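Okay, here's what each chain looks like letter by letter:
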Amino acid sequence: MTRRFLLSASLADPALADPAVAGPVLDQAQAAGLDLLLLGRAGAVPFDAQVLAAWAAPRLTRMGVVPVIPPRLGHPFHVARALSAVDYLAGGLLGWNPVAEGEEPEQIADLVQATRALWDGWDADTLVIDKASGHYLDTHKVRASHYEGRWYKTQGPVNAMRPLQDHPLLVVDAASPFAVPGVDLAIAAEGQSAPAAARLLRRVTLTDDPGALADAFAQGDIDGIHVDLAGASPELSSFAERFAALASPAPDATGTLRQRLGLPLPEILSAPVNASVKESL
Amino acid sequence: MPKPIHLWAFLQGIGHYPSGWRHADADPRGVFTMDYYRKVAQTAERGCFDAIVFGDQLQSRGAGGRTPQRLAMPTLDPMSLLSAMASVTQHVGLVATVSTTYNTPEMLAERFGTLDRISGGRAGWNIVTTAHPDTAPNFGETELPEKSLRYRLAAQTVAETSALWDGLNAQHGPSPQLRPVYVQAGQSNDGRDFAARTAEAIFCPAATIEDGIAFRSDLRRRIAEAGRDPDGVKIMPGLSFMLADTPEEAIARDEALLALADEALCIEYLSESLGFDITSYPADGPIPAEAIVAGTILPAADIARALEKPVAQGVTLGAFASRFVRTPRGHNIFRGTPEQMAEMMIAWVEAGACDGFTLQPAFMASELEMFVERVVPLLQARGALRKAYPGTTLRETMGLTRLPSEMAA
Ligand SMILES: Cc1cc2nc3c(=O)[nH]c(=O)nc-3n(C[C@H](O)[C@H](O)[C@H](O)COP(=O)(O)O)c2cc1C
Chain A
1009 MTRRFLLSAS
1019 LADPALADPA
1029 VAGPVLDQAQ
1039 AAGLDLLLLG
1049 RAGAVPFDAQ
1059 VLAAWAAPRL
1069 TRMGVVPVIP
1079 PRLGHPFHVA
1089 RALSAVDYLA
1099 GGLLGWNPVA
1109 EGEEPEQIAD
1119 LVQATRALWD
1129 GWDADTLVID
1139 KASGHYLDTH
1149 KVRASHYEGR
1159 WYKTQGPVNA
1169 MRPLQDHPLL
1179 VVDAASPFAV
1189 PGVDLAIAAE
1199 GQSAPAAARL
1209 LRRVTLTDDP
1219 GALADAFAQG
1229 DIDGIHVDLA
1239 GASPELSSFA
1249 ERFAALASPA
1259 PDATGTLRQR
1269 LGLPLPEILS
1279 APVNASVKES
1289 L
Chain B
40 MPKPIHLWAF
50 LQGIGHYPSG
60 WRHADADPRG
70 VFTMDYYRKV
80 AQTAERGCFD
90 AIVFGDQLQS
100 RGAGGRTPQR
110 LAMPTLDPMS
120 LLSAMASVTQ
130 HVGLVATVST
140 TYNTPEMLAE
150 RFGTLDRISG
160 GRAGWNIVTT
170 AHPDTAPNFG
180 ETELPEKSLR
190 YRLAAQTVAE
200 TSALWDGLNA
210 QHGPSPQLRP
220 VYVQAGQSND
230 GRDFAARTAE
240 AIFCPAATIE
250 DGIAFRSDLR
260 RRIAEAGRDP
270 DGVKIMPGLS
280 FMLADTPEEA
290 IARDEALLAL
300 ADEALCIEYL
310 SESLGFDITS
320 YPADGPIPAE
330 AIVAGTILPA
340 ADIARALEKP
350 VAQGVTLGAF
360 ASRFVRTPRG
370 HNIFRGTPEQ
380 MAEMMIAWVE
390 AGACDGFTLQ
400 PAFMASELEM
410 FVERVVPLLQ
420 ARGALRKAYP
430 GTTLRETMGL
440 TRLPSEMAA
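Protein chains in written order, with the numbering used here: chain A, 1009 to 1289; chain B, 40 to 448.
In short, the hints are calculated from the structure, not lab data.
Any given hint could turn out to be false.
Unchecked claim - Straight-line alpha carbon distances no greater than 20 Å define the calculated SDA-like cross-link-like pairs of lysine to any residue that follow:
(1) 1139/A <-> 226/B
(2) 1139/A <-> 72/B
(3) 1161/A <-> 68/B
(4) 1161/A <-> 174/B
Nothing here was measured: the structure is a model prediction, and the numbers come from that model.
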């Protein structure tokens, strides 16, 4: 597939929890051609972004939403359930960006691995749903993961399906870095050490030069850009005016985010890290 | 003019019958799509329901070690479903069951605070303490706290969460209801006292009108003793229903649907609910009542009472289990015509057995649609159900006492 220039932005205005604000902002963000909208950002989480992502789910036509989740708002068992639901409701247009708020990076990595272990307790083809035979699911495809990390222990199986995308896109921000395998997207400023990831977004501002960014993309240095917006209006219009052309012609907006961005399927089942993901029961 | 009836729609996957998903009109794969939840939520709103309610658990059924996989029914997180449904509706309330034992006050304050804002003031919180022992290992613990302690901790968690809402309301401006409507569903003495002090609405089982009157009178007394106005708390027992043009047809529809249930699986569900393994007893044999009463983790007296009639009637274990799974908490089961159902509902409310009903459709969307199309207009014609929503918040919709600071806001 042809490589695509990715456009991402974050909004951390508490007014986003007001439906009269959030509705038009989502429309505007999608019209601006954004591939990803982060709800909150490292250092600014003024709402429960998992709730807002669920609210946004039925309104998404092309854009992915990425709730920013600090440990105070997300135990792995709750996060695994919430994100599984939103991934289905959004038709696979979901990512997530776990961030520290003073915690050690290792705790965030632990949170991510525990959540993934719960998702991996369900195979993608668990459901049979055959009305004629009365066979609902294949019982051999559900497992307790018995995850034991330093901060989080969770047995499973979680009472939630494996997400539509297997795992929602994992976004790591260099402003709150942590190390786990299989990161889908990293956000980092130029010159900043970027977490290892399948795709790299450069953190820029609304005054950066689109030409230079197009060059960096052409040379394979970056896969797109990310802007932390102070507010939705007029910043989203400025964003579109300045950067939308980088991503043109607009690609087909079908399939899940993982499919559209050509990202690999998660491999955690075969490579559990820093924990024992046992098949038991 | 009859007293007003409040309606809640209790949603759960494809519905409440263990075999509902097998009905020709059911679309069981739909429960993983937004289209299904949009349709169901908008149907409830069309029927002027006060709220959509979800129960919730924090474990996969049967994960304790016995035949786990067979029981593990995947579900989607209700808080997320309600948040998404808020996006496609205007008025209907959104009540989420969330545990005080396995959430911090901060998680509770942020989740419900955000839901109340983004829904324009439609959030409700069914405050549960989590009773299933399999939950603890999912949160790195070995055991649940004992019940009285759980309720004491719950009171503390609610108080701390409430203080956090005050802070958030000061910081970001007031959310429309300031805090979610408090709902409770405990049955024990501790549970009822907690409800009397805290709840604005109560979800409970009431198999008969007499059960309803007894429960509601008891709760109203406790509420008054706690220094609160009993009229400020709505009692909403569950109601399982099956409609048809004649009573005989309704019973036949019910039997036909139950016949599709996997009896062995229902016996496993029953074992799981009882906390006692009865899977070794034959499905076509008698109900092992003595063993169950001796072994269950549920209140033995309640279970003994629930078993009396089926044992006397010689119901087989398999048939009992599939009927049990349809409404495990012993709710009222109605089978009959729309006219009979409307009469029954009005009679219960008039008799003081309840303030409304928590409807548990056998499967959706069609059974909920049938209620909205055939029973709702009858209730409205009798003046027992409003034809439009009186306001915007759940507290207004339920006719609940508004919080003092809500009126100032
Ligand atoms: C009608 C009804 C519905 C309930 N729904 C839930 C639920 O969805 N999730 C949950 O954890 N507990 C639920 N409960 C359990 C209660 O909150 C409580 O934990 C349990 O009944 C034990 O307390 P008790 O002895 O006071 O009743 C429900 C209880 C009743 C009566």
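Status of each hint after checking the structure:
Distance restraint check for residue 1139/A and residue 226/B: the Cα-Cα separation of roughly 36 Å exceeds the 20 Å cut-off, and the hinted pair is therefore not satisfied. Between residue 1139/A and residue 72/B, the direct Cα distance comes to roughly 18 Å. Compliance with the 20 Å bound is thereby established for this hinted pair. This hinted pair does not check out: residue 1161/A and residue 68/B have alpha carbons roughly 32 Å apart, beyond 20 Å. As the CA atoms of residue 1161/A and residue 174/B are separated by approximately 12 Å, the hinted pair is consistent with the 20 Å bound.
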